[in-house]
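Colleague: For reference, each letter of the sequence shown is one residue, going 1 to 42 in our numbering.
It is worth saying that the hints were derived from the structure and are not from the lab.
Please read all numbers here as calculations on a predicted model, not as lab measurements.
We put the beta carbon where it would ideally sit given N, CA and C, even for glycine.
Mixed in with the good hints there might be a few duds.
List time: in silico SDA-like cross-link candidates among lysine to any residue, alpha-carbon distance up to 25 Å [as the list claims (entries may be wrong)]:
(1) Lys34 <-> Ile15
(2) Lys18 <-> Ser6
(3) Lys18 <-> Ile42
(4) Lys18 <-> Ala33
(5) Lys34 <-> Ser19
(6) Lys29 <-> Ile42
(7) Lys18 <-> His28
(8) Lys18 <-> Ser8
(9) Lys18 <-> Leu7
(10) Lys29 <-> Ser6
(11) Lys29 <-> Ser19
(12) Lys18 <-> Leu32
(13) Lys29 <-> Ser8
(14) Lys34 <-> Gln24
(15) Lys29 <-> Ala39
(16) Lys18 <-> Ala39
(17) Lys29 <-> Arg10
(18) Lys29 <-> Glu9
(19) Lys29 <-> Ala40
(20) Lys29 <-> Val16
(21) Lys18 <-> Leu37
(22) Lys34 <-> Arg23
(23) Lys34 <-> Glu22
Estimated spans, in silico, between C-beta atoms of each pair [to be verified]:
(24) Ile26 <-> Asp3: 22 to 28 Å
(25) Lys18 <-> Leu41: 32 to 38 Å
(26) Ser19 <-> Leu41: 30 to 36 Å
(27) Leu41 <-> Arg12: 26 to 32 Å
(28) Lys29 <-> Tyr5: 49 to 55 Å
(29) Asp3 <-> Ala40: 31 to 37 Å
(30) Leu7 <-> Ile42: 45 to 51 Å
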Amino acid sequence: MRDYYSLSERERLEIVLKSEIERQSIRHKATLAKLRLLAALI
Numbered sequence: 001m002r003d004y005y006s007l008s009e010r011e012r013l014e015i016v017l018k019s020e021i022e023r024q025s026i027r028h029k030a031t032l033a034k035l036r037l038l039a040a041l042i
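Just need the whole structure built from these sequences, with the hints factored in.
Modeller: Written as structure tokens, this is what we have:
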């Protein structure tokens, strides 16, 4: 991967957005898993 600071502002934003979306998605899946666990216990 190219050096972060040599990227254009737009490319930098896209990278940040992609990683943020992935993080949200992972957190969302974890939350769903917890809810399923709780539902299974009830």
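Colleague: Does each hint fit the structure? Answer for all of them.
Modeller: Here's how the hints hold up against the structure:
Pair hint Lys34 plus Ile15 does not hold up; C-alpha atoms about 29 Å apart against a cutoff of 25 Å. A distance of roughly 18 Å separates the Cα atoms of Lys18 and Ser6; the hinted pair therefore holds under the 25 Å criterion. Proximity of Lys18 to Ile42 is assessed by CA-CA distance (about 36 Å); at most 25 Å being required, the pair is judged violated. For the hint pairing Lys18 with Ala33, the CA-to-CA distance comes to about 23 Å; that is within 25 Å, so the pair holds.
Restraint check for Lys34 and Ser19: satisfied, since their Cα atoms lie roughly 23 Å apart, inside the 25 Å limit. A C-alpha spacing of about 20 Å is found between Lys29 and Ile42, which places the hinted pair at or below 25 Å, so the restraint holds. With a C-alpha separation of about 15 Å, the suggested pairing of Lys18 with His28 holds against the 25 Å cut-off. Proposed proximity of Lys18 and Ser8 is supported: the alpha carbons are some 16 Å apart, at most 25 Å.
The straight-line distance between the Cα atoms of Lys18 and Leu7 is roughly 15 Å, inside the 25 Å bound, and the hint therefore holds. Taking the CA atoms of Lys29 and Ser6, the gap is near 34 Å; set against the 25 Å cutoff, the hint is violated. A C-alpha spacing of about 15 Å is found between Lys29 and Ser19, which places the hinted pair at or below 25 Å, so the restraint holds. Distance restraint check for Lys18 and Leu32: the Cα-Cα separation of roughly 21 Å lies within the 25 Å cut-off, and the hinted pair is therefore satisfied.
Among the hinted pairs, Lys29 with Ser8 is inconsistent with the structure: their alpha-carbon atoms are about 32 Å apart, more than 25 Å. Proximity of Lys34 to Gln24 is assessed by CA-CA distance (about 15 Å); at most 25 Å being required, the pair is judged to hold. The hinted pair formed by Lys29 and Ala39 meets the criterion: a straight-line CA distance of about 15 Å does not exceed 25 Å. Taking the CA atoms of Lys18 and Ala39, the gap is about 31 Å. The hint is violated against a cut of 25 Å.
Using a Cα cut-off of 25 Å, the hinted pair Lys29 and Arg10 is violated, with the two alpha carbons roughly 29 Å apart. With a C-alpha separation of about 30 Å, the suggested pairing of Lys29 with Glu9 is violated against the 25 Å cut-off. Taking the CA atoms of Lys29 and Ala40, the gap is near 16 Å; set against the 25 Å cutoff, the hint holds. Among the hinted pairs, Lys29 with Val16 is consistent with the structure: their alpha-carbon atoms are about 20 Å apart, no more than 25 Å.
Of the supplied pair hints, the one linking Lys18 and Leu37 is violated, its CA atoms being roughly 29 Å apart against a limit of 25 Å. For the proposed pair Lys34 and Arg23, the alpha carbon gap of about 17 Å is at most 25 Å, so the pair holds. Distance restraint check for Lys34 and Glu22: the Cα-Cα separation of roughly 18 Å lies within the 25 Å cut-off, and the hinted pair is therefore satisfied. Judged by the Cβ atoms, the range 22 to 28 Å given for Ile26 and Asp3 holds: they are separated by roughly 26 Å.
A beta carbon spacing of about 35 Å between Lys18 and Leu41 agrees with the range 32 to 38 Å that was offered as a hint. Here the CB-CB span from Ser19 to Leu41 is close to 33 Å, well matched to the stated 30 to 36 Å. Restraint check, Leu41 to Arg12: a C-beta distance of roughly 44 Å breaks the suggested window 26 to 32 Å. Roughly 32 Å separates the CB atoms of Lys29 and Tyr5, a value that falls outside the hinted 49 to 55 Å.
Range check, Asp3 to Ala40: about 47 Å between beta-carbon atoms, so the 31 to 37 Å window is missed. Taking the beta carbon of each, Leu7 and Ile42 are about 49 Å apart, inside 45 to 51 Å as hinted.
Taken one by one, the earlier hints fail for this structure at numbers 1, 3, 10, 13, 16, 17, 18, 21, 27, 28, 29, listed in ascending order.
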